[in-house]
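Chains as they are written, first to last, in this note's numbering: chain A, 31 to 439; chain B, 31 to 439.
Each hint can be trusted.
A pair holds if it fits inside one copy or across any two, identical chains being indistinguishable in the list.
Below, in silico cross-link-like pairs of lysine to aspartate or glutamate (DMTMM-like), each with a Cα-Cα straight-line distance of 20 Å or less:
#: 1; residue 1: K58; residue 2: E77
#: 2; residue 1: K58; residue 2: D38
#: 3; residue 1: K387; residue 2: E414
#: 4; residue 1: K58; residue 2: E180
#: 5; residue 1: K387; residue 2: E346
#: 6; residue 1: K387; residue 2: E352
Hints listed in this document are in silico derivations from the structure and should not be mistaken for laboratory results.
The primary structure of each chain is shown beneath.
Number of protein chains: 2
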Amino acid sequence: MLTPFRVDTNSLAITDRLNAIGCSVLSKAVVADDIEALARVLTAALESVDLVVCTGGLGPTADDITREAVARALGLPLDMDEAIVERIRGRFAGRGLTMPDINRRQAMVPRGAVVLENEHGTAPGLWLERGDAAIVLLPGPPREMTPMIEAVVAERLVPRARGARLFRRVMKIVGRTESDVDARVQPIYGRWPDRAVPINTTILAAPGQIELHLTASAPSRVDADRVLDAAVGEVQAELGSAVYSVDGRGLEAVVGDLLRAGGWTIAVAESCTGGLLASRLTDVPGSSAYVERGAVCYSNRAKVEWLGVPEALLAEHGAVSEPVARAMAEGIRRVAGTHVGVGVTGIAGPGGGTPEKPVGTVGIAVVTPDDARVRTLRFFGGREMVKFQATQAAMNMLRLMLVDDGATS
Amino acid sequence: MLTPFRVDTNSLAITDRLNAIGCSVLSKAVVADDIEALARVLTAALESVDLVVCTGGLGPTADDITREAVARALGLPLDMDEAIVERIRGRFAGRGLTMPDINRRQAMVPRGAVVLENEHGTAPGLWLERGDAAIVLLPGPPREMTPMIEAVVAERLVPRARGARLFRRVMKIVGRTESDVDARVQPIYGRWPDRAVPINTTILAAPGQIELHLTASAPSRVDADRVLDAAVGEVQAELGSAVYSVDGRGLEAVVGDLLRAGGWTIAVAESCTGGLLASRLTDVPGSSAYVERGAVCYSNRAKVEWLGVPEALLAEHGAVSEPVARAMAEGIRRVAGTHVGVGVTGIAGPGGGTPEKPVGTVGIAVVTPDDARVRTLRFFGGREMVKFQATQAAMNMLRLMLVDDGATS
Chain A
31 MLTPFRVDTN SLAITDRLNA IGCSVLSKAV VADDIEALAR VLTAALESVD LVVCTGGLGP
91 TADDITREAV ARALGLPLDM DEAIVERIRG RFAGRGLTMP DINRRQAMVP RGAVVLENEH
151 GTAPGLWLER GDAAIVLLPG PPREMTPMIE AVVAERLVPR ARGARLFRRV MKIVGRTESD
211 VDARVQPIYG RWPDRAVPIN TTILAAPGQI ELHLTASAPS RVDADRVLDA AVGEVQAELG
271 SAVYSVDGRG LEAVVGDLLR AGGWTIAVAE SCTGGLLASR LTDVPGSSAY VERGAVCYSN
331 RAKVEWLGVP EALLAEHGAV SEPVARAMAE GIRRVAGTHV GVGVTGIAGP GGGTPEKPVG
391 TVGIAVVTPD DARVRTLRFF GGREMVKFQA TQAAMNMLRL MLVDDGATS
Chain B
31 MLTPFRVDTN SLAITDRLNA IGCSVLSKAV VADDIEALAR VLTAALESVD LVVCTGGLGP
91 TADDITREAV ARALGLPLDM DEAIVERIRG RFAGRGLTMP DINRRQAMVP RGAVVLENEH
151 GTAPGLWLER GDAAIVLLPG PPREMTPMIE AVVAERLVPR ARGARLFRRV MKIVGRTESD
211 VDARVQPIYG RWPDRAVPIN TTILAAPGQI ELHLTASAPS RVDADRVLDA AVGEVQAELG
271 SAVYSVDGRG LEAVVGDLLR AGGWTIAVAE SCTGGLLASR LTDVPGSSAY VERGAVCYSN
331 RAKVEWLGVP EALLAEHGAV SEPVARAMAE GIRRVAGTHV GVGVTGIAGP GGGTPEKPVG
391 TVGIAVVTPD DARVRTLRFF GGREMVKFQA TQAAMNMLRL MLVDDGATS
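If we strip away everything but chain A, and leave its shape as in the complex, we get (with noise of 0.2 Å):
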């Protein structure tokens, strides 16, 4: 876990157990296995927590130094438990095999521990208590792990949990900037963690959208879902249509269900974007319903030859430009006989561009039935995130479009 390549998924799995059950996880850690390093983060954790939970590091290896760490930071011997010695050897004895002798080193136990069975390997967790605090220590597998920390949490946590529990909301905005979006939205939630039940407000910003996330510490979900509520529709009144999601959804899903609900058919013509605005469109379940077809036409010869798109528009404008965006929004919608029409040109870089369009600039046109829009925006970043964000705003301006539009209603 501190190689470059892995990324922990253990922790998250059990921040949202843990957050269910009202309990807020102040930090994470990743320590190398060194006896040292490990036992003196654990004692000052315990200065300022009521639980920690350590996974891994409890296998039969040398390297496997969990047990030790715990007994030196809490003081204890550790014990040889010969039950647990019976049961590994079981284990290997049920496929034929016998112990190896360094599997003994998973049945050492800080005195005092509680012995947490693990039906899915040879290493047992254990469970200590040091005054008020608590230590789980529990397998690194995932598939070892997950089902021993729901038991814990079922049999040993939701007993000791005070009060209230957490409940989150994520709202997802596009189009703005996260200072504005702050310099906008923190007047309300200023106010939240005053409240009765308060809330507690994240800003993240990611490449093309700014996620909102809200969290009630309240003792019931009745309680959390009335306060929940009242705070989204807050930050809506101030953000109006800039908020696509308040339910976790993605924006291909948001749009997806605005063309579903309208029974609209989609197809689009994408230059910079290379297919990613096609393939966003259809990650979402049942996406054939409306996505009729899509042109990756990285050469002008294909956007003549499959949009139409006029030689002489190309020649006089370039391919990145509004005229070409539109003819090619027009023709995708033409040729595939849909009633959106989307079409994207720019430069996505790293080479390309000019004084005139530097790299990041992209054409955005979107034509329905009743409407048609065409924009020239400027990203920043590389090759990537300048495709992701161009499909972002192109599923933004269409999205706008339909809301407008009242293709719902």
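Given chain A, work out where chain B should sit, using these hints.
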């Protein structure tokens, strides 16, 4: 980063850069936006390490508390740096905007800190020293952080680095399972740790490919290159053409280089992958030199109209079949006038499966001037996993044909 949703990718990139100069990472921590908690973690870290790198929490809002926490941990006052204020004001002005007052927070500097320029955002980085140890503060967005850690490593850490450095090779393998790769390669890499210049090996399984990470600890690049080149050669001799990359390139870049070397052009016709194959091919800078166009033919009508797939073929074999995949590949090749045509048709799920053609069934055809290959594959996982694995398999079929055909010779 303490929610169940956020994966910490910055620490992976930073670990990679630090390992490359021989600096091992002893621990990582993710801490809540809580000044006391963060100051406590910093204080504990400074007791045992030479370098602490913090990312994030340098934004303008009230929950950006890294500056305050570091000042607290080191017992330093925070000063307003008017030069930073002017730089931030200038960034806003460059976009025709007025700097909000709140951004002045980003100009607060613990006394004695060196300011590190951020070319891609408003938050400057900071460098502080405490005895022999250094503390680096970098902004959280990867686009801003990455060039800044590069600069810190080159200008500040390399001169401080001591002793052996770590060197790495990443071998990428496609078309084989993790256990198959491990069974074949374990007898080879099992001998490496005992050599004069030892090599550690990690196998990582990702959807659609396996990676083998070889790490040598050596006093110089020359020593490392010698043993790593030999080790890579041993694995290649065992796995043959299943190894598609030993230099970090992705499959789309490897295929692109082969096409470019042969002076070949390509066009693709996609059904179930919905544009993802075209998008991945065009993720490679300069791919417009060989990607002519792509057709995302979600409807049968598009397959008939654009690719000339006979309606009778669709009726007889169904859209997901080898004859249709082949007709799509031949059709797009003919229409686009390219050397290579690729056709992909399948059932991405979750709906649409049948007993004979379950979800995950994908037909892939690749046609070149000298050769044509068609395969039916079955992938597991959700819709996006099936799409990705299908693009991986299609690119690998093409790669093997390009290698076999000697297009590059």
